[in-house]
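Position chain G against the provided structure of chain R, taking the given hints into account.
One letter stands for each residue in the lines below.
Number of protein chains: 2
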Amino acid sequence: MRRVHPIETESYRILRGLVDLSRLGPLSRAVAERIIHASADLEYAESLALDETALEAGLEALRRGSPVITDVRMVAAGITGRQALCFVSDRRARELSERLGITRSAAGFRVAAEEVGAGAVWVVGNAPTALFELLKLEVSPALVIGLPVGFVGAAESKDALIESRLPCLANRGPKGGSAVAAAALNALIYYGEE
Amino acid sequence: MRRVHPIETESYRILRGLVDLSRLGPLSRAVAERIIHASADLEYAESLALDETALEAGLEALRRGSPVITDVRMVAAGITGRQALCFVSDRRARELSERLGITRSAAGFRVAAEEVGAGAVWVVGNAPTALFELLKLEVSPALVIGLPVGFVGAAESKDALIESRLPCLANRGPKGGSAVAAAALNALIYYGEE
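Protein chains in written order, with our numbering: chain R, 1 to 194; chain G, 1 to 194.
To be clear, the hints were calculated from the coordinates, so they are not data collected in a lab. Just to be clear, a hint being listed does not mean it is correct.
A few chain R residues that face chain G, going by a derived Cβ cut-off under 10 Å, partial list only [said to hold, decoys possible]: (1) ILE14; (2) SER39; (3) PRO67; (4) MET74; (5) ALA127.
Keeping only pairs whose Cα atoms sit at most 25 Å apart, straight-line, the calculated SDA-like set for lysine to any residue is [claimed, not checked]: (6) R:LYS136 to G:HIS5; (7) G:LYS136 to R:LYS136; (8) R:LYS136 to G:ILE7; (9) G:LYS136 to G:ALA113; (10) G:LYS136 to R:ILE7; (11) R:LYS136 to G:PRO6; (12) R:LYS136 to G:GLU10; (13) G:LYS136 to R:PRO6; (14) G:LYS136 to R:GLU43; (15) G:LYS136 to G:LEU59; (16) R:LYS136 to G:GLU8.
Ideal Cβ positions, reconstructed from N, Cα and C, are used throughout, including at glycine.
The following block holds chain R by itself, in its conformation from the complex (with noise of 0.2 Å):
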């Protein structure tokens, strides 16, 4: 069981006051609950695009102990209780980045997906570059989590992921990041362990 702290407790308090996400499914209402406790930013109740179905699937695979994939490394150290894979500064990514003139972080996506199966969970906290690749590779993910941040494409990512079909979690517009990519899916991994 996670031991949670009462500064933890108490937030929670305080923004179930300032924002009903009761009408939600358990694991959207978990992980958009958490976001907002990451981020204290409110607009996340309206914005974020929740599918239960797709929380399931992500938790289900977490639990089966499938790889966990991030863009940058600041995701992958945000995520608690479990190790994260990170390719952005792998020496096949520079390698690739360089010679495809590519992102590093899609060329980490691409690494990635040659490291690990169907069914493991994809977290974008950073690159909409890396998003925009990930939809171009045939890795059927169990979940990804979609939350690049920026005025550059991020908003476009996350649209074209949550119109892939792909089992997904994603934010409308710009905003997004790392503490709030690895917010969601600690939230997966935190679920019924309180």
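Here is chain G on its own, set in the frame of chain R:
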């Protein structure tokens, strides 16, 4: 020189169209722009507490190689091109945390205070408790980047930092976070290197 990716250039072009920060001093502007670039959250243009003199002190400290200490590993992971110290997982921090009933991040700062001398740069991206602890320690920081996030104590801890008269960067209200704190420090690291 840092090689700026065309996506970053485009992102800065877009954000300068969305918000005018030209009134700010050069370091304040660099920090505010990188925070907005990293969060896609325009609110920071209004809520950041920016002090050009404090940021200059931080920049000088970085340039003379002063240590950078972070409250959580995720902030350290987001800092690019520079090693940051984080004692949250240090054995001594664990022991101190259990013995005194303080958070692990607060205990990590106590350990850090014994390890580093005056003139360090302290970065808080997560834990209000770590920032409150820092305000009690007499560490003579060159700069405190105080950007903890959340509904419990984060706003209060940042207000206390602003009132402390320590050289600081902070944000008014509950928002902040690891990605934003790392972005603030990265803005100083990159300053003048493009």
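To see whether the hints hold, each was checked on the structure:
1. Given hint, ILE14 (chain R) at the interface with chain G, holds; its Cβ is 4 Å from that chain's nearest Cβ, closer than 10 Å.
2. Because the beta carbon of SER39 (chain R) sits about 6 Å from the nearest beta carbon in chain G, less than 10 Å, this interface hint is met.
3. Residue-level restraint check for PRO67 (chain R) is violated (minimum Cβ-Cβ distance to chain G is 19 Å; threshold 10 Å).
4. Look at MET74 (chain R): its Cβ gets to within about 4 Å of chain G, closer than 10 Å, so that hint holds up.
5. This hint holds: ALA127 (chain R) has a C-beta 9 Å from the nearest C-beta of chain G, less than the 10 Å allowed.
6. Note on LYS136 (chain R) and HIS5 (chain G): the hinted pairing holds, with a Cα-Cα distance of about 22 Å set against a maximum of 25 Å.
7. Using a Cα cut-off of 25 Å, the hinted pair LYS136 (chain G) and LYS136 (chain R) is violated, with the two alpha carbons roughly 52 Å apart.
8. For the suggested pair LYS136 (chain R) and ILE7 (chain G), the alpha carbons sit about 20 Å apart, so the restraint of at most 25 Å is met.
9. Between the alpha carbons of LYS136 (chain G) and ALA113 (chain G) the distance comes to roughly 11 Å, so the proposed pair stays at or under 25 Å and holds.
10. Of the supplied pair hints, the one linking LYS136 (chain G) and ILE7 (chain R) holds, its CA atoms being roughly 20 Å apart against a limit of 25 Å.
11. For the hint linking LYS136 (chain R) to PRO6 (chain G), the alpha-carbon distance of about 22 Å falls within 25 Å, and the restraint holds.
12. Restraint check for LYS136 (chain R) and GLU10 (chain G): satisfied, since their Cα atoms lie roughly 24 Å apart, inside the 25 Å limit.
13. At roughly 22 Å between alpha-carbon atoms, LYS136 (chain G) and PRO6 (chain R) fall within 25 Å of each other, so this suggested pair holds.
14. At most 25 Å may separate the alpha-carbon atoms for a hinted pair to count; LYS136 (chain G) and GLU43 (chain R) exceed this at roughly 34 Å.
15. A hinted pair counts as satisfied when its Cα atoms are at most 25 Å apart, and LYS136 (chain G) with LEU59 (chain G) qualifies at roughly 24 Å.
16. With a CA separation close to 23 Å, the supplied pair LYS136 (chain R) and GLU8 (chain G) stays within the 25 Å bound.
Of the numbered hints given earlier, the model fails hints 3, 7, 14; all others are met.
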